[in-house]
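Participant: First to last, the protein sequences are chains W and H. The working numbering numbers the first residue of the first sequence as 1 and each following residue consecutively. The working numbering numbers the first residue of the second sequence as 1001 and each following residue consecutively.
No wet-lab data here; the hints were simulated from the structure. Just to be clear, a hint being listed does not mean it is correct.
Straight-line Cα separation of at most 25 Å, DSS-like style, residue types lysine-lysine; simulated pairs [said to hold, decoys possible]:
id, chain 1, residue 1, chain 2, residue 2
1, W, Lys475, W, Lys330
2, H, Lys1375, W, Lys93
3, W, Lys140, W, Lys219
4, W, Lys203, W, Lys140
5, W, Lys421, W, Lys400
6, W, Lys93, H, Lys1378
7, H, Lys1354, W, Lys93
8, W, Lys33, W, Lys203
9, W, Lys455, W, Lys475
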Amino acid sequence: MSNASSAPSHATILPNGWEMVIGLEVHVELDTKTKLFSASPNHFGDEPNTNIDPVTLGLPGALPVINRRAVELAIRLGLALNCTVQASTFHRKNYFYQDLAKAYQITQYDQPINIDGYMMLPGDVRIGIERAHLEEDTGKSTHFGGTSGRIHGSDYSLVDFNRAGVPLVEIVSRPDIRNADQARQYVSELRSILLAVGASDAKMEEGSMRCDVNVSVRKADEPFGTRCEIKNVNSIRAVGKAIDYEARRQVDVLESGGTIRQETRHWDDAEGRTHTLRVKEDADDYRYFLEPDLVLLDPGAEWVESIRASLPMLPAARRARLSQLTGADKESEAVYVIVERGQDDYVQLVADAGGEPARALVYVQQAFSEAGANPVVPATDLAALTLLERDAKVTATQAKTILAEIVANGGGDAVAIAAAKGFEALDTSAVEAMVDAAIAAQPDAWAKYCAGEEKAMGALVGAIMKSSQGKADGKVVTALLQAKRAK
Amino acid sequence: MTSKFVSVVDIVGSIRAGKTTASDVLEQHLARIDSRETEIHAFNHIMAESARANAASIDADLKAGNDRGPLAGVPIALKDNMCTRGVPTTCSSKILQGWKPPYDATVVTRLQHAGAVIVGKTNLDEFAMGSSTENSAFGPTRNPLDTSRVPGGSSGGSAAAVAAGFAAASLGSDTGGSIRQPAALCGVVGVKPTYGMVSRQGLVAFASSLDQIGPFTHTVADAALLMEVIGGHDPLDSTSLDQPMPSLTAVLGQGVKGMRIGRLADMPDGCEPEVLARLDAAFAALKAAGATIVDIALPSLSYCLTAYYLVAPAEASSNLARYDGVRYGLRVESADLISMYGATRAAGFGAEVKRRIMLGTYALSAGYYDAYYGKALKVRRLIANDFAAAYQSCDVILTPTSPTVAFPIGEKTSDPLTMYLCDIFTIPTNLAGHAAMSVPFGTGAHSMPVGVQILAPALGEPTMFRVAAELERAS
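Throw the hints in and build the complete structure from the sequences for me.
Facilitator: Here you go:
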């Protein structure tokens, strides 16, 4: 899922001036020890129906008591999303289902805890956040028999209430998203923020982060079209695919003279298509009303400000800092990846140890993809290697070899390793002679390259690297070839 | 007060003084249950065995010099909508058939810590919906003072248990008058505390924003003692008031000199003349004791009944939706989930419960919410404003508890609206979240008891109990 944070890839362009309008509703399980309204553990993967209690099961007479930590995490998230935190209320959303023990879900309705935030995406795209409200999760049903895996047509169903009452925050974006790439970036950035503030482990594969996607299409600058809500979108990749499919489906319907019904659609990842789950006319009437078992939830300015003061540096600020340190574009893949892995502090350490920041960024991106937030290699060792390469004491290729050895050993003296391996970078005049020799040996390749066929350069570079036994710096070779062609 | 039964205060005193034992007191009550329960049907479940064990343990502790609390050895009955661990809790409904709660209500825990001996679970209108205890799935309770008449409701079993001497005191729940009206009809004291003063944890909800637990007793002093035991903050109930329980037993002798007693300038129609005569006598008694009588108005009073019958059913429709046959209680097997829900609820709920679920569902539905539920909430604010204005000029308000004395069984069952009118004086207190209590004050038609209701603002219990004690002295 991490690749979605990288630069834009292949944003689908709709034909004939159609434009996508996308809003996301993301449900996130908060990383609390206990449930939103009771003391049962909030823990994924336990034996079914072990994390339960009278409140979770909706037993007669059991009353909800709000979990302070859940409120704190919701506020942390809200502040990280630039929301206004306000005194809030809970409502009951009433409907019958076997995994909804009380036959109502306690949720926030017209007075949510977080409102009016925003998130910035690459290219200074601002996505409004309408609200990020607290609610309880439902239990989980598993249906046996039948063919669809759904309750209709099944022989029997089993219900696990471990998930019932787990605290959720639902983050509702404004319909500000205009293509699938932005949607993927939004979900990816939201995930990074959730991890940064410690609100959730945000694992889409375990269901602790779930996306519903609202899609409509319109001609530019026209009013919004009728939207469809897509459920069962269980990965960032699927977010992009589902949006592109659904937008094209809607354009096809409209261009062939049809109209879009407001409906809920199901994303079938295997088939790569959406299909109707239910139309709006069948929608439940949830009979929302103020939950009388709870009182006004007013965190007070003092608590909110103390939470704000305790927030860590957020991903956007980290990317800006890393970009400034290394000179890399703040929207580059390297910057996104390093911040997402939480390795930007390490890059900073290498720089603080006298290392060359731009090379440090590249090394960390290459060598510590599995290393987690805290690579074990001492920052001073990496710093020494960046200087060897900067000062052309070793080539980039040699540096990579040294880096691999340092990483494998959990550290090492770059200078000593270079000496032991007999690494030294050839000076430019020696390389120039090899370049001339290669051109002479492969006149056809040289002619093609001069004619603008960039691929032809490969054969020349390969020959030069071979004759230098890897001691020529690839960047120097390329630069020399380009300079000679330019003449 | 001329009850033929011994008060809680006297039982506690006698046991502490060694004049009697918890076991002896219990046996006296069990003997009365033996002789009259078949006729009266106050209980859904009698807990003689556990009560005897409990009383014996209290006697042993007291003999060893251990304090067992302010209610040590007092036999107490619980309305059967309060959860008791391992003991059936039915709400007098078939839908909870076979269900035994895995926990005690907070009030039950507090009673047990105070040394009370629980003797049984009392009958009620199904899910506390009714004013006569005729809506019980297990048959009606009869008024011990005239068994052809109702005991009132919905806490009719709890009121009857005290009036018949089956228990020295009992607990009921009051959503629109369900403690005060049966107290009045059975000639005992009944208290509806300020909303949030007594924990609702473990009380099976009817209408959560209105429900409140309170005591039935023979005397005002007993009620004050019970309130001090069951009241006070409970972290398990988010609507529980976070403040210390005021002392009530200490204020009972303070009299009403200088107090201002509110009297409704416009008395609603429909009160029996004998009831109004007793109310006048109550005003006269308080005046004689040094209080002044002030005329007040509650202009929104006439809307309260309608508002209540939207708010309470709306909350009930949600609270009772959990009885779906999936996890506990009755299940009527059927072809699929939806038809199982329907069959279970059709068989499990009685007519009045179904009526209120439908009413409440309708009132909350899209397109009707503003016209019904939304408007009812506005009436709640209006009556609260009325009370606030009235309490500028008076300390408490006196009204009849019930427009009539206990009526014959069967008289009102065919006409729900007539039955609903029983609660006209009691409902405003619940809508406002205030305190109120009913005190027996002589008899009316058919020599049946008449109750006078004292209304007080939120947390006005100390003042309310002073007035109640004065009326008790004068009765």
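Participant: What hint numbers does the structure not satisfy?
Facilitator: Of the numbered hints, just 3 does not hold.
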